[in-house]
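J.: Modelling step: build the complete structure from the supplied sequences, incorporating the hints.
Each residue of the sequence shown is one higher than the one before, starting from 665 at the first, in this note's numbering.
Warning: the hint list may mix true and false statements.
Heads up, simulated BS3-like pairs for lysine-lysine below, C-alpha to C-alpha not over 25 Å straight-line [what the hints assert, rightly or not]:
1. K879 x K700
2. K763 x K732
3. K763 x K906
4. K763 x K879
5. K917 x K906
6. K906 x K879
7. K813 x K879
What follows is a set of in silico ranges between Cβ atoms, one per label pair, in the way DEER data are often shown [what the hints assert, rightly or not]:
8. V863 x G754: 19 to 29 Å
9. Q859 x S761: 50 to 60 Å
10. N755 x N702: 28 to 38 Å
11. D673 x A731: 56 to 66 Å
12. A821 x L672: 44 to 54 Å
No wet-lab data here; the hints were simulated from the structure.
Remember, predicted model here, so these are calculated numbers, not experimental data.
Note that the Cβ used here is the ideal one computed from N, Cα and C, for glycine as well.
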Amino acid sequence: MPSLKERLDERITRLRARRPIFDHLMRMVEHFGNVKGNLQAGAVTYFAFLSFFPILALAFFVVGYVAKVYPDAQDNLTDALTGVLPGMIGNADGQISLKAIQDSAGAVGLIGLAGVLYAGLGWLSGMREALLVMFETPQREQPNFVVGKLRDLVSLALIGLVMILSVAVSSVIARFSRELLDLVGLGVGLAPLLQVISVAVGVGASMVLFFAIFKLLADPEVPRPSLWSGALLGALGFEVLKQLSTFLIASTKSQPAFQAFGIALILVVWINYFSRVVMYAAAWAYTSTAARTIREAQAREQEAIEAAAEGPIGQFVVPTGSSSFVRSPKAAFVAGAGSMLAVIGVVRRKRG
665 MPSLKERLDE RITRLRARRP IFDHLMRMVE HFGNVKGNLQ AGAVTYFAFL
715 SFFPILALAF FVVGYVAKVY PDAQDNLTDA LTGVLPGMIG NADGQISLKA
765 IQDSAGAVGL IGLAGVLYAG LGWLSGMREA LLVMFETPQR EQPNFVVGKL
815 RDLVSLALIG LVMILSVAVS SVIARFSREL LDLVGLGVGL APLLQVISVA
865 VGVGASMVLF FAIFKLLADP EVPRPSLWSG ALLGALGFEV LKQLSTFLIA
915 STKSQPAFQA FGIALILVVW INYFSRVVMY AAAWAYTSTA ARTIREAQAR
965 EQEAIEAAAE GPIGQFVVPT GSSSFVRSPK AAFVAGAGSM LAVIGVVRRK
1015 RG
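T.: Rendered as structure tokens:
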């Protein structure tokens, strides 16, 4: 009689064969475990925490100049940070004061800016290395230190721009939807619809952000539709995190360690949750059917190339009259050496 584990494995195997979505989910979890996704998320959390405040100071420093041309830039940045860090931005105890960071950013000089920039790019490097592991990207030639930091700076600027623009577009869509419903007199009756629209727009904005992170940092050999599906999963997971943020923050504040570390503990926990969502989203994209089909085709092509390369070298065909036989490289070497010794013997006899 089969054991409980064997019966369970058999049911899971049948379910995976019948339900492709369940099979994809299981492949994602298996890949996440194989590449140690939790360790990758932990490494990203470490670098992200060290880079968090330098990145904020750098962002407000840049936005301070952009606001001279685009006055709403600072408000959009604040809204973006509030969306990414729900319940953690404010002036109350246990919250991050953006005003204090903004004031300190204004005092950053060129030398200080270079230090802030160097410290802030650690998160980007950590996230790139983790995503390269998740996507099992082959080792690439790394640029020198200066070029690498410039590349990280451009990636950071583009990711920040995508985040701010997505928040700005989301705000415009939400405001337009509310005004449109108010115009037709349905603003009160369809309040739940506005909430659904707000969540849908938030998922769309996060989806663009996740896709940008995948492409700019890892640029894996994965089809775009697969990357978008991974970005969608990441966006949905991040939206769930934001909806549960009140519970997560409250449970963290109840821990004794919060009395010692304060907002730093909440920040570490939140960054770790977010990093895990990113790693799971990458694993989902990597294990999609389209991505697996491409990898299998590449593996077959590589095997064919290796077989073709080994064929002429791995065997020698020596004709003997009307027939032929195959010799191994060692046999061919021995036969050649014997022939050479025979020739030398004939030459010596002639000289003698």
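J.: Evaluate each hint against the coordinates.
T.: Status of each hint after checking the structure:
1. K879 x K700: Given pair K879, K700 holds - Cα atoms ~21 Å apart, limit 25 Å.
2. K763 x K732: holds (18 Å)
3. K763 x K906: Distance ~23 Å between K763 and K906 Cα, so the pair holds.
4. K763 x K879: Roughly 33 Å between the alpha carbons, so the hint for K763 and K879 is violated.
5. K917 x K906: holds (17 Å)
6. K906 x K879: Given pair K906, K879 holds - Cα atoms ~24 Å apart, limit 25 Å.
7. K813 x K879: holds (17 Å)
8. V863 x G754: 19 to 29 Å: holds (22 Å)
9. Q859 x S761: 50 to 60 Å: This hint is violated: roughly 29 Å between Cβ atoms.
10. N755 x N702: 28 to 38 Å: Check passed, 35 Å falls within 28 to 38 Å.
11. D673 x A731: 56 to 66 Å: This hint holds: roughly 59 Å between Cβ atoms.
12. A821 x L672: 44 to 54 Å: holds (50 Å)
Taken one by one, the earlier hints fail for this structure at numbers 4, 9, listed in ascending order.
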